[in-house]
Amino acid sequence: HGDVSAKFCSRRSADALRPLPPRLQSPDVFATDNRISIWSSGDLGNAGLNGEYHGEPRLLCDIQHNGDVMDMQTLSANHRWEKAHYHVDQDTSCGGAACTGVVCSNPEIVTVGEDGRINLFRADQKDAVRTIDNADSSTLHAVTFLRTTEILTVNSIGQLKIWDLRHQRNEPSQIFSLAGDRVPLHCVDRHPNQQHIVATGGQDGMLSIWDIRQGTMPVSLLNAHEAEMWEVHFHPSDPDHLFTCSEDGSLWHWDASTNVSEKPSFLHQGGRSTAYLSHSTINQSVVSAWLSNDPTKDRMEITNLIPNQTLSVNSLDVLGPCLVYGTDTEAIYVNRQLFA
Amino acid sequence: GPGRARAARAGRWVRRRAGRDAGRMGGAGPGAADEHRPVTVVPGAVPRRQLCFAWGPAEVLVCETLFGRAGTGEGAPSTSRVFVVRRDQDIYIQTLRKLFNESHGIFMGLQRSEEELAGKSRKAQLVQVSKNYRSVIRACMEDMHQAAISTRDPALQGQYSTQVSILSAMELIWNLCEILFVEAAAAGPLLLRLLDWVRLHVCDVDSMVREVLSSENPSKHKLFWNVVDIFVLQGRMDEARHLLSKEASANPTSMNMYKILDDLMKKMPVPSLGNTQTLTELELKWQHWHEECQRYLQDGTFASNPHMESICKILLGDEDAILEKKELMTTWYHFLVTRLLYSHPTVKPMELRFYAQSSMDLFLGGESSPEPLDMILMAAFEFEMHQVIKECSIVLSNWWFVAHLTDLLDHCKLLQSHNLYFGSNMREFLLLEYASGLFSHHSLWQLGVDYFDHCPQYGRVYLELHIERIPLSTEQKALKVLRICEQRQMHEQVRSICKIMAMKALRNNRLGSALSWSIRAKDAAFATLISDRFLKDYCERGCFSDLDLIDNLGPSMLLSDRLTFLGKYREFHRLYGEKRFPEAARLLLTLMTAHIAPCSFWMTLLTDALPLLEQKEVIFSAEQTYELMRCLEDLTSPNPGSAPFQDDDVETTKVEMLRLALARNLARVIVKEGTVEGS
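Chains as they are written, first to last, in this note's numbering: chain Y, 1 to 340; chain X, 1 to 679.
Hints may be right or wrong, so weigh each one.
Examples of chain X residues lying across from chain Y (beta carbon under 7 angstroms, computed) [as the list claims (entries may be wrong)]: (1) 64; (2) 290; (3) 292; (4) 549.
Taking CB as the label site, the calculated pair distances span [said to hold, decoys possible]: (5) 599(X) <-> 170(Y): 30 to 38 angstroms; (6) 128(X) <-> 179(Y): 32 to 40 angstroms; (7) 660(X) <-> 213(Y): 50 to 58 angstroms; (8) 500(X) <-> 128(Y): 25 to 33 angstroms; (9) 41(X) <-> 170(Y): 54 to 62 angstroms; (10) 598(X) <-> 128(Y): 55 to 63 angstroms; (11) 170(Y) <-> 540(X): 19 to 27 angstroms.
Coverage of chain X stretches by chain Y, computed from C-beta distances (three or more under 8 angstroms per stretch; other residues unrestricted) [to be verified]: (12) 477-490; (13) 506-516.
Don't read these hints as lab results, they were simulated from the structure. The beta-carbon is built from N, C-alpha and C at its ideal position, and this holds for glycine as well.
Can you build the whole structure from these sequences, using the hints too?
Below is the structure:
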């Protein structure tokens, strides 16, 4: 399993990481802090004997940025939208508010921030196409597209909201919330194929799976990390796999694929700590593994991918067999053989 | 490469640096008193103005005053600017951040490592930790070197090159400390380690060797004998013999001499790392070999070739012969090790100090005086650990080196825990200083937290003070800080930080965020404040703002009474909107009778009851109506405990209307309840 290469990049790397789409040979990676940088993580020309690449990620280019970078997306565009998020008054210097999340679906870009504002931009337009002021009375932590015209947001009072951008009214079309305490939600991701399945991560490290077709409460709550869960991602091509990373320094790989029982579960490659959670059923054709509630059937396998954890893992992303994550120890880690 | 930077260069650098950073920290040793104090010009400050200042944790705040310099008598209003003057620039050097981060990982590993391991395995573990630290220093040196070659800015290039020298010196010192203190090499292996040390650090042989070997005729190269000599001086016999064989094949007349010398060099007894021979055996063999060399020399075997003769003399440990090669060895400690190799290979650790002192004296020969690096190394040879640490503290510009080295030595149980005058021991003092320095950095402060955790006496206090002063520019940063405080049960700090964030949110009108922070801190008082704000907004505007928040309070409603009231009051409005009047009525009444509502709000509640009272259908029962009347009376009658009732026209009219409505309702309900119907 030791195919993780690391690089200390001398900056608090990765409040956000995103791979570029695979029109390039191998997934390249953004790493950020107060600079937005593009790194190359794999140059196949330098592959060793077994096709393993042992080099460190190489910096391709970067630019300076004022302030912490909280989130990134890739888009072919060349523009800055200044002062998109602010408190009270856009032009006072202390009036700026952090922009906490961005998502894009070419050519549209949606941002959310600590000011509870939702902005909709288009790549070719100078000003915001639409702004929903005071969309939320608390901080919006993350945003993602549900469908092409609908977005999902999560906020710091534990609510998941659906906004329909076609409607002109500034109200969410639906609000979901956790049953118990209003624990802030920090991240959200949608199942790549089954759009009614949404995963969120909370400040208490809990992973919640929601079925937004039914009810206003989560389908399952899984006790996961010991501190804030910063990011959650479904694997884009293999969505039975989910990845979460947390302030407690761990990065978990959740494997709900139903053929887990065929793997030699006790003979795992060395060093990983594994835990089992009985969760899903076999009925794979109709119901996704994430939604089923039968605890007696097949199990979900959860693995911590970080052997010696120290500081927080702030961000992760996954594409194909490649996983990349960044920590508060100012390092980026690339794992190119995720499913080996 | 940078790994073999000339130590002499490093030594010179270290002395210059000491001059610039005079007056560094308390506990400055004798050296610091001589250096002249540097003058720092604050860029942007008006030159003829007096400045005033205040100390901060890691910086000085300076601002201009009204007063001119003494003697000029000038004074005038100045621009109101505050300058922040910082000492430690190192934490802002990009490439050094890698050093701080990686060494943090090693430090943590060391603190957590198995203390139960005893004896050899523990020592091996500690040596490995030491090697890890050194490899981090070397990696950093590489990066710094790369940065120096690739930058085009000469000032930056100078800075990077300087850093490379410093790092090189640090590695040199650390390596020696590892050999003498951590590994505590015994007689025998001690010499081998010192030889490795010299080979790795002291002079730049590689380029010379490459030059000679790649030439067409190596033995005719002008540097040929230099290379052979340096190999011999460093005890690299095989390489020396290899080169000599080239000379021999090129010069058949000296074949005889060469064979003898080669043989002597091959046979030279050296200590071994394993236990294949005892020291006594080695000494015997060595004595025997030494005598053989002596015989050959005295016989004049090498008389015709001064180079070979000189080598033979070196093999015999002839100090003068060795000293002739001063330029090749470059430093007194190289001289020391060479001397030991050829005169006393079984040197014991405690004997080193005598050889060290005499080596330095002989080498410098009164021409130059020792530099700070020399003094540090000398202190190490004398096994004066405290002196080493003290000297390093003086010359180096930040605490990284001494903090980590001292911590390692402490783990080796080598430092007596003699207390410094203010109570904590040396290890803790240095770690505290180092970690405090980290806190002034916007991102490295997180590393500092872990260091404070491992300072048993004052770490917690320092952490409490520092962590409250971290600027909380974004919520995410605040969350990280909070998590750290919560994990350490620092409740005061949690409350304080949550209050700060909540106030900020409140001021920016982010009521939901403010509530979220109050919930995190379980701050009932603040939750009350927020609820009052909502209620105030409602009274002013007649409708609720942020319904998404109030409608979804959930169990957090119970955090404060006022918040509960807010939630319930909103529920009342919802019930009314859904035309569930009886339930709405019941709720409204409960709000007053159960004293959930604050007294100041009762009037509003009663006014809200009006439309219910005036519905066509009777909603309030007789019982409920009596209750309402009682509430109204409680409110309007001059009660010593309650607030004085407003006695103006609007209020009086309202009360009148209420009384009328209540009376009418009572009448209707009595009739209704008294009527014998199917109900």
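Verify the interface restraint on residue 292(X): the C-beta must sit less than 7 angstroms from at least one C-beta of chain Y.
This hint is violated: residue 292(X) lies away from chain Y, its Cβ roughly 51 angstroms from the closest one there, beyond 7 angstroms.
Regarding residue 41(X) and residue 170(Y), is the given constraint of 54 to 62 angstroms on their beta-carbon distance met?
At roughly 55 angstroms between Cβ atoms, residue 170(Y) and residue 41(X) fall inside 54 to 62 angstroms, so the hint holds.
Examine the region 477-490 of chain X: at least three residues should have C-beta closer than 8 angstroms to a C-beta of chain Y.
n = 4 at 8 angstroms, threshold three: holds.
Outcome of range test on Cβ distance (residue 599(X), residue 170(Y); 30 to 38 angstroms)
holds (36 angstroms)
Using C-beta distances, would you say chain Y covers the region 506-516 of chain X, given that this needs three or more residues below 8 angstroms?
holds (count 8)
Is the gap between the beta carbons of residue 500(X) and residue 128(Y) within 25 to 33 angstroms?
holds (31 angstroms)
Using the C-beta atoms of residue 170(Y) and residue 540(X), is the stated range 19 to 27 angstroms upheld?
holds (21 angstroms)
Given the hint of 55 to 63 angstroms, is the C-beta distance from residue 598(X) to residue 128(Y) inside that range or not?
violated (42 angstroms)
Taking the Cβ atom of residue 128(X) and the Cβ atom of residue 179(Y), is their distance within the range 32 to 40 angstroms?
violated (50 angstroms)
Given a hinted range of 50 to 58 angstroms, is it respected by the beta-carbon distance of residue 660(X) and residue 213(Y)?
Distance hint for residue 660(X), residue 213(Y) holds at roughly 52 angstroms.
Residue 64(X) was flagged as interface toward chain Y. Is the shortest Cβ-Cβ separation under 7 angstroms?
Result: violated, 22 angstroms to nearest chain Y Cβ.
Hinted contact residue 549(X) with chain Y - closest CB pair below 7 angstroms
Hint holds; residue 549(X) Cβ to chain Y Cβ min 5 angstroms, cut 7 angstroms.
Figure legend: structure checked against the earlier numbered hints; hints not met, in rising order: 1, 2, 3, 6, 10.
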